[in-house]
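Let's have the full structure, built from the sequences with the hints guiding it.
Protein chains in written order, with the numbering used here: chain E, 46 to 452; chain W, 388 to 663.
FYI, nobody ran anything at the bench for these hints, they're computed from the structure.
Just so it is clear, CB atoms sit at the ideal spot from N, CA and C, and this is done for glycine as well.
Heads up, some of the hints might be wrong.
Stated by the list, open to error - In silico negatives: residues of chain E with every beta carbon more than 12 Å from chain W:
#, residue
1, GLU195
2, GLN368
3, ILE388
4, GLU422
5, SER436
Unchecked claim - Partial list, computed: chain E residues near chain W (C-beta under 10 Å):
#, residue
6, ALA56
7, LEU130
8, SER137
9, ILE181
10, ARG184
11, ARG296
Said to hold, decoys possible - Derived list of chain W stretches under chain E, where covered just means 3 residues or more per stretch with a C-beta under 8 Å from a C-beta of chain E:
#, region
12, 395-405
13, 415-425
14, 639-645
Given next are the chains, with one letter for each unit.
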Amino acid sequence: MFGAVPTSQAAIAVSNLGKTYRLGAMGERPSTAAQAAWTWLRSTGRANFTLFDALNEVSFEVAPGEALGIVGRNGAGKSTLLKILTRVTAPSRGQIELRGRVGSLLEVGTGFHPELTGRENIFLNGAILGMTRKEIQRRYDEIVDFSGIEKFLATPVKRYSSGMYVRLAFSVAAHLDTEILAIDEVLAVGDAEFQRRSIQKMRDAASQGRTVLYVSHQLQTVQALCSSALLLDRGRLIYSGTVEGTLEAYRDSFESYALAQADPDNRPGDGRLRLSSVAMADEFIKSADPIVIEFAAPAQPKLIGSYFISIHVNNDQGLVIAQCDSRLTGFWLDPAVPQNGRIVIRDLWLKPGAYTVDAYVCQAGVLDAWEGAWRFEVLPDLPYPEFTEASAIEKGMVFTNYSYESR
Amino acid sequence: MDTELQRTVIDPPGALNLPSIRELWGAREVAVRLAQRDIIVRYRQTFFGIAWVLLQPLVSAGIFTIVFGQIAGLSTGSTPAFLFTLAGMLAWNLFNGALGRASSSMVGNQSLVQKVFFPRLLVPLSSLASVALDFLVGLSLAVILLFVYGINPGWQVLLLPVWILLILLLGTGFGLAAAAYMVKYRDVGYVLPWLVQVLLYASPVAYALTEVPATLRWLFDLNPVTWFLEAFRWSLLGSTPPISWQVVALIVVSPLVFLLGTLIFQQNEREFADYI
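Given below as structure tokens:
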């Protein structure tokens with residue numbers, strides 16, 4: 046487990062890792078030379094940027110053969126950590142020692158070219174992912190078998206269905222023979238059967254003594270796949286150890302996270318308009334009750350054009366259960382006046398448990414992203430007329446309003 | 388699993404980041420596949436296919452011959468105007484292609500740069516493959532025309548590979564530096580084609596250096612494009628020999644530009660994913 050491995054034997058040893066991004070005064074980097082020159086002239090050489098620590102003082106070790114889950118909320122630094130470990134970007138501080146080659150799978154189909162055939166893409170993608178020509182040739186038949194698209198190997202992948210595309214891309218990646226494998230939420234795509242095979246493939250990788258790094262928002266998959274986990278919160282390592290411990294720490298960390306997010310300066314988004322409050326009348330509701338969330342935003346006369354709001358309801362594993370975008374109901378807000386509004390979510394029968402609310406204010410870009418704006422609990426009384434044993438309700442993500450009828 | 392594991396240490400980038408030959412060689416398959424992709428994709432789903440490679444230098448050399456030779460009435464010395472222009476075009480396209488493709492290669496492959504690691508230098512270097520292919524096809528065309536016109540360039544034809552290498556080094560060197568800056572500032576992508584166009588008209592591609600008015604001659608003499616055009620044509624067509632100080636300058640400046648371009652590229656290499 047963690048810490049018990051001497052440095053010389055750990056597959057990955059990370060010490061005091063930090064990554065600092067330089068953000069321009071406007072929260073963006075100048076993207077044209079003229080802009081850069083202008084900013085520089087105005088500042089006359091003064092440091093006119095803010096520093097943002099995406100990661101700070103992160104240290105941990107991973108033993109060979111371990112399947113490590115990396116969890117954390119948006120902006121916690123998960124992806125930055127994975128990018129540094131896979132050498133896509135360089136750290137600002139600290140050091141990493143890797144024993145073995147690292148194969149990465151940050152997005153399915155990296156480097157696929159639509160004009161190339163399936164076969165050509167296998168070789169291109171394999172090379173980009175770090176396989177040698179011999180390795181690809183040796184495993185070519187396996188890759189083709191696993192993808193199940195033998196018939197279309199001579200067809201340009203632009204004519205593939207999205208399902209076929211993902212299958213092929215994943216097959217190549219799943220046959221990476223590197224000692225360390227880094228994966229960022231790729232299991233979310235593909236059909237159920239394919240997902241099952243993919244998870245099996247990851248388990249095999251770990252049981253063959255390979256080290257797997259898995260970054261995810263979905264705590265369930267981490268639970269299913271990983272033998273240990275670590276939790277990041279705003280660039281810092283909060284917890285590392287067992288998967289259960291990490292999940293618990295994740296739930297516990299909500300309080301401090303929500304407190305930090307209540308301060309608009311800590312929130313992502315360009316900040317041209319910030320919500321002043323997001324709240325419900327009570328922290329407890331019953332399943333089958335309508336969910337009413339009130340929100341308020343100050344007037345921001347400088348903002349041109351109306352804006353919209355999107356409210357998400359997430360379960361305690363961070364999975365988005367419902368996304369309620371006001372564009373879909375034709376609801377737009379005028380920034381010239383202060384706004385007080387509410388959303389009424391009907392017919393969403395949540396199962397008993399803790400839920401969190403995220404609120405996003407957007408125009409063309411995101412103005413305010415307030416995650417963890419509210420937290421509520423669904424009381425454990427069931428919305429159904431009868432009660433039977435627990436097995437009747439344990440499956441399924443939500444309850445639904447159903448009735449059985451004979452005809 | 389207990390066989391020798393490759394040990395990698397990742398540190399913050401230092402001031403001088405020299406490319407690791409071992410790493411470049413280890414990832415050579417990436418360059419090969421990227422080059423293959425560039426070439427395949429260019430001619431897939433085209434009706435004339437590879438014939439485009441022949442058509443392009445022929446037509447552009449033809450137009451230049453008409454404009455500069457017939458309309459402007461500029462002399463090309465003792466060499467037939469069309470062949471003179473075609474040879475100039477070949478050398479120019481090699482330089483321009485290396486510069487243009489290398490400079491836009493990083494931005495063109497940004498999805499890769501953001502997602503996976505491999506030595507970034509392989510991206511601009513692999514983009515040279517299709518430039519080289521175009522050049523070789525064009526060169527064979529020029530060789531056929533040498534026989535048609537009955538021209539024997541003489542022993543100096545043996546120096547041709549040297550000029551080709553120097554042209555590639557010069558173009559790629561500028562291209563690498565431009566690629567690194569284009570990652571941060573897309574302006575480079577707008578300014579560069581325009582500069583290159585200006586440079587084309589300011590270089591003796593379709594007319595002999597002797598046609599240049601004496602008052603402007605120093606400008607042409609300082610232009611590195613003049614240096615390699617003269618040397619290249621001398622070797623291929625047996626035309627007037629290049630001025631010796633310009634040959635020396637070419638031999639010194641080209642590798643230097645390549646080295647500088649590589650250093651600029653490498654210095655920014657590890658931050659590309661953050662800026663692109």
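We went through each hint and held it up to the structure:
no. : hint    : result
1   : GLU195  : holds (21 Å)
2   : GLN368  : holds (26 Å)
3   : ILE388  : holds (35 Å)
4   : GLU422  : holds (39 Å)
5   : SER436  : holds (42 Å)
6   : ALA56   : holds (8 Å)
7   : LEU130  : holds (8 Å)
8   : SER137  : holds (6 Å)
9   : ILE181  : holds (8 Å)
10  : ARG184  : violated (14 Å)
11  : ARG296  : violated (31 Å)
12  : 395-405 : holds (count 6)
13  : 415-425 : holds (count 7)
14  : 639-645 : violated (count 0)
Of the hints listed earlier, those the structure fails to meet are numbers 10, 11 and 14, in rising order.
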